[in-house]
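Keeping their order, the protein sequence lines are chains E and A. Here the first sequence is numbered in the working numbering, starting from 103 and rising by one per residue. Here the second sequence is numbered in the working numbering, starting from 103 and rising by one per residue.
Since the hints were made in silico from the structure, they are not lab data. There's no promise every hint is true.
The list cannot tell twin chains apart, which means a pair is met if one copy fits it or any two copies do.
As the list claims (entries may be wrong) - Taking lysine-lysine and the DSS-like style, the derived pairs with C-alpha atoms no more than 30 Å apart in a straight line are:
id	residue 1	residue 2
1	Lys207	Lys152
2	Lys436	Lys400
3	Lys399	Lys430
4	Lys437	Lys399
5	Lys430	Lys329
6	Lys394	Lys437
7	Lys329	Lys511
8	Lys400	Lys430
9	Lys342	Lys511
10	Lys329	Lys239
11	Lys207	Lys224
12	Lys400	Lys437
13	Lys511	Lys349
14	Lys234	Lys206
15	Lys329	Lys209
16	Lys371	Lys430
17	Lys399	Lys436
18	Lys134	Lys394
19	Lys394	Lys430
20	Lys394	Lys436
21	Lys158	Lys436
22	Lys209	Lys300
Since the structure is predicted, the reported quantities are computational estimates derived from the model, not experimental observations.
Listed below, chain by chain, are the residues.
There are 2 protein chains.
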Amino acid sequence: MVVRVLNEDELLSYGDIKAKKIALELAIEAIKSSNPYNAVKNSLRIIDRKLVVKGKEFSIKGRIYVLGFGKAAYSMARAVEEVLGEFIADGIIITKYGYGGRLKKIKVIEAGHPIPDTNSFKGALMGLELAKKVSEKDILLVLISGGGSALFTLPEEGISLEDKILTNKLLVESGARIHEINIVRKHISRVKGGKLAKIVKGTLISLILSDVVGDPLDVIASGPTVKDSSTFYDAYRVLKNYRIWDKVPESIRRHILSGIRGEREETLKEELPNVYNFIIGSNAIACETAYKKALEKKLNAYILTTTLEGEAKDVALALGSIIEEIHKRNRPFKKPLALIAGGETTVTLTREEYGVGGPNQELALSISRKIRGLRNTAVIAIDTDGTDGPTDAAGGLVDSYTYDLLVEKGIDIDEFLLNHNSYQALKNAKALVYTGPTRTNVNSIVIAIVL
Amino acid sequence: MVVRVLNEDELLSYGDIKAKKIALELAIEAIKSSNPYNAVKNSLRIIDRKLVVKGKEFSIKGRIYVLGFGKAAYSMARAVEEVLGEFIADGIIITKYGYGGRLKKIKVIEAGHPIPDTNSFKGALMGLELAKKVSEKDILLVLISGGGSALFTLPEEGISLEDKILTNKLLVESGARIHEINIVRKHISRVKGGKLAKIVKGTLISLILSDVVGDPLDVIASGPTVKDSSTFYDAYRVLKNYRIWDKVPESIRRHILSGIRGEREETLKEELPNVYNFIIGSNAIACETAYKKALEKKLNAYILTTTLEGEAKDVALALGSIIEEIHKRNRPFKKPLALIAGGETTVTLTREEYGVGGPNQELALSISRKIRGLRNTAVIAIDTDGTDGPTDAAGGLVDSYTYDLLVEKGIDIDEFLLNHNSYQALKNAKALVYTGPTRTNVNSIVIAIVL
Numbered sequence: 103m104v105v106r107v108l109n110e111d112e113l114l115s116y117g118d119i120k121a122k123k124i125a126l127e128l129a130i131e132a133i134k135s136s137n138p139y140n141a142v143k144n145s146l147r148i149i150d151r152k153l154v155v156k157g158k159e160f161s162i163k164g165r166i167y168v169l170g171f172g173k174a175a176y177s178m179a180r181a182v183e184e185v186l187g188e189f190i191a192d193g194i195i196i197t198k199y200g201y202g203g204r205l206k207k208i209k210v211i212e213a214g215h216p217i218p219d220t221n222s223f224k225g226a227l228m229g230l231e232l233a234k235k236v237s238e239k240d241i242l243l244v245l246i247s248g249g250g251s252a253l254f255t256l257p258e259e260g261i262s263l264e265d266k267i268l269t270n271k272l273l274v275e276s277g278a279r280i281h282e283i284n285i286v287r288k289h290i291s292r293v294k295g296g297k298l299a300k301i302v303k304g305t306l307i308s309l310i311l312s313d314v315v316g317d318p319l320d321v322i323a324s325g326p327t328v329k330d331s332s333t334f335y336d337a338y339r340v341l342k343n344y345r346i347w348d349k350v351p352e353s354i355r356r357h358i359l360s361g362i363r364g365e366r367e368e369t370l371k372e373e374l375p376n377v378y379n380f381i382i383g384s385n386a387i388a389c390e391t392a393y394k395k396a397l398e399k400k401l402n403a404y405i406l407t408t409t410l411e412g413e414a415k416d417v418a419l420a421l422g423s424i425i426e427e428i429h430k431r432n433r434p435f436k437k438p439l440a441l442i443a444g445g446e447t448t449v450t451l452t453r454e455e456y457g458v459g460g461p462n463q464e465l466a467l468s469i470s471r472k473i474r475g476l477r478n479t480a481v482i483a484i485d486t487d488g489t490d491g492p493t494d495a496a497g498g499l500v501d502s503y504t505y506d507l508l509v510e511k512g513i514d515i516d517e518f519l520l521n522h523n524s525y526q527a528l529k530n531a532k533a534l535v536y537t538g539p540t541r542t543n544v545n546s547i548v549i550a551i552v553l
Numbered sequence: 103m104v105v106r107v108l109n110e111d112e113l114l115s116y117g118d119i120k121a122k123k124i125a126l127e128l129a130i131e132a133i134k135s136s137n138p139y140n141a142v143k144n145s146l147r148i149i150d151r152k153l154v155v156k157g158k159e160f161s162i163k164g165r166i167y168v169l170g171f172g173k174a175a176y177s178m179a180r181a182v183e184e185v186l187g188e189f190i191a192d193g194i195i196i197t198k199y200g201y202g203g204r205l206k207k208i209k210v211i212e213a214g215h216p217i218p219d220t221n222s223f224k225g226a227l228m229g230l231e232l233a234k235k236v237s238e239k240d241i242l243l244v245l246i247s248g249g250g251s252a253l254f255t256l257p258e259e260g261i262s263l264e265d266k267i268l269t270n271k272l273l274v275e276s277g278a279r280i281h282e283i284n285i286v287r288k289h290i291s292r293v294k295g296g297k298l299a300k301i302v303k304g305t306l307i308s309l310i311l312s313d314v315v316g317d318p319l320d321v322i323a324s325g326p327t328v329k330d331s332s333t334f335y336d337a338y339r340v341l342k343n344y345r346i347w348d349k350v351p352e353s354i355r356r357h358i359l360s361g362i363r364g365e366r367e368e369t370l371k372e373e374l375p376n377v378y379n380f381i382i383g384s385n386a387i388a389c390e391t392a393y394k395k396a397l398e399k400k401l402n403a404y405i406l407t408t409t410l411e412g413e414a415k416d417v418a419l420a421l422g423s424i425i426e427e428i429h430k431r432n433r434p435f436k437k438p439l440a441l442i443a444g445g446e447t448t449v450t451l452t453r454e455e456y457g458v459g460g461p462n463q464e465l466a467l468s469i470s471r472k473i474r475g476l477r478n479t480a481v482i483a484i485d486t487d488g489t490d491g492p493t494d495a496a497g498g499l500v501d502s503y504t505y506d507l508l509v510e511k512g513i514d515i516d517e518f519l520l521n522h523n524s525y526q527a528l529k530n531a532k533a534l535v536y537t538g539p540t541r542t543n544v545n546s547i548v549i550a551i552v553l
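Kindly produce the complete structure, drawing on both the sequences and the hints.
The following block contains the structure:
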């Protein structure tokens, strides 16, 4: 997949051109490295009847099966077919409607996302059958990406898909936190919480594309191949605490109560010796790619964080204050440099009427206030999926001229930020970055270049 | 002045004690260095009939006069008397009611703050007379600190104090930004915007205690000794733009219009060879003190920024994400370390009912979410004046246990942050820092210790 900036000429038509050019290049390299197809290609090899995953060797003694689920499953599977070819015995992937395509050996099923449907159920059943076929000599390659939780949905026996969907709806509406919702999900699923791994007799190798900040393996796609510390009683408490215990279907209550009595299978409680989890694409890997590219360009380079969070416009002020210190006092890092931060910032809407924008655009617009006049400085904030908020832009690229340019045009940046109208402001400064959809998602990255 | 933590035993009774102890010690050293008395004592010497200011020598050929204004004027003057003693020919300081005391040679006037009164006017007139007495051979030592703008108030001739106060009130209520308000202030004052410096024939040495983030000399006390780039026309535009031109007194309009016609004296437009400005206390100096102290303790130390700003709870998430990266991936800085950030964060109240807290307490409470479980980590956020927000605490000190401790006590941190009730939450975790008033103000500092 080719990823490129569609409006590069416009972006580089004025201002701190050199700094902006480097910021763009680093960001694009970072996005490319997290592209599902590229991520698999970069991680997987066959050498002398050995499967090599990120440098670790696995002897091929039997057959290789492939099971994939998530929004990136098709691209990942396509790369797997190119690398493994005839080594693949059988395979199935489940992805979102419209995200599939043709494969040679691996079956492709499209299903509902974010709400599962009968196709999810059907696909998951087929996946389960495949997993059961894997003998001790065989290898099961599991391809996990964002959306995998909904797309690989298989309720425990005795629980209907409708009951599971209703329970999920009640949980989401109850105000429960995502990790609490996941505790319940894992305890009414036949595959989540490491239960898929329990089924597999052979070597299970999962290639994970992380779309969750900090890469918590038990959270990504609800962790079908990793251990989980929560219990049936925890699931009961979540439903009780959020006052939906009496509202969830009878089948759910029955299952959880049996679980508490020890009559149902718990989630995976310890690491299994035949299970190997590899993160092959993530925000951290994207940041590290930008980092290496910066070093190649003879810049100092620093990864400030890979777990950035908080309200975009205020995170911008904090990051901007660090850039200011670097520019004015040459500390804590020395120029010329690339400062890289990954994560996911937020925009909290507080009023009735809003403009258009996204967290990366707000971050870029806000930081233009702090880098005003700091010549040879540029900051790009970009969503790796190519779509920042509900806009057609991937993010924003600002420099030391942006602020004054907007003031000249009569644009009050504080007011535009207050109205969450960053898109319009950046458009006026020719500071929007367009890439189109990149078909990957490892959250967002911010790269500051100070020359 | 002794500055110490009043509840140190309580703070160090549990948790990451070693990290917390270092954080407290560094913060207290930083505050001490910015104490007005200490700051003067550290910067000023007499050696062989030479006045030495921060290493720069000035020959004493004539008399030395002292003129001080601001909330810290008394402490600064007391230190000056101790250092210069008999060298002082005459002096006057103007400080806030209750902030004065007895001095040997220098007259002390107490006046209104933040609203000037007749005493401010009287004091400023006396100060102006003193400044005029300074001959070419003499030295005028000017002591500038926060509050100096209101305390050293002298309207241009033809403008009454009442007219000036009314204009100021209209400006503040108009929604004009602080730098716009200052443009008008400087153009109706006889001393602001470098006009005091213009009057002085001898060597003018100003010792400045900066209470403004980033230390912009033209902003601190409205810059009586530094050049200013704004014009009478700019002042006119501010009053016009905010629709108060027709509301300000006739005397103000007349003065500004004469100014535009070139009939009145402009603010200082170029640096004068006989004027020397020294920042002797500031947030940056406080941060550097903590930095040196950390090095003495064999820690790695980094000043991340000295211009931190933004909403406290979100700035905390950004800083916390950097600490997380250091703790988990040992980058971009190596442990064990002290990470120092100075500036001034804010708390925006958005609802009808609020709890109690301050920006430093909110920052500390919020960052406890990010350092949860990161053992041997502590973060202190503290207002150098000893009073964070409208509370009796100076700030908060949290560690990797704080979050779970609060959860155990049934305190929902997110909810307490939403209600701006950080004081109550931190109190429950024994995480409030008390110092009492420190009689200095160089904004706030955040120090993270990761061992």
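Task: Earlier hints that do not hold, by number - done: none
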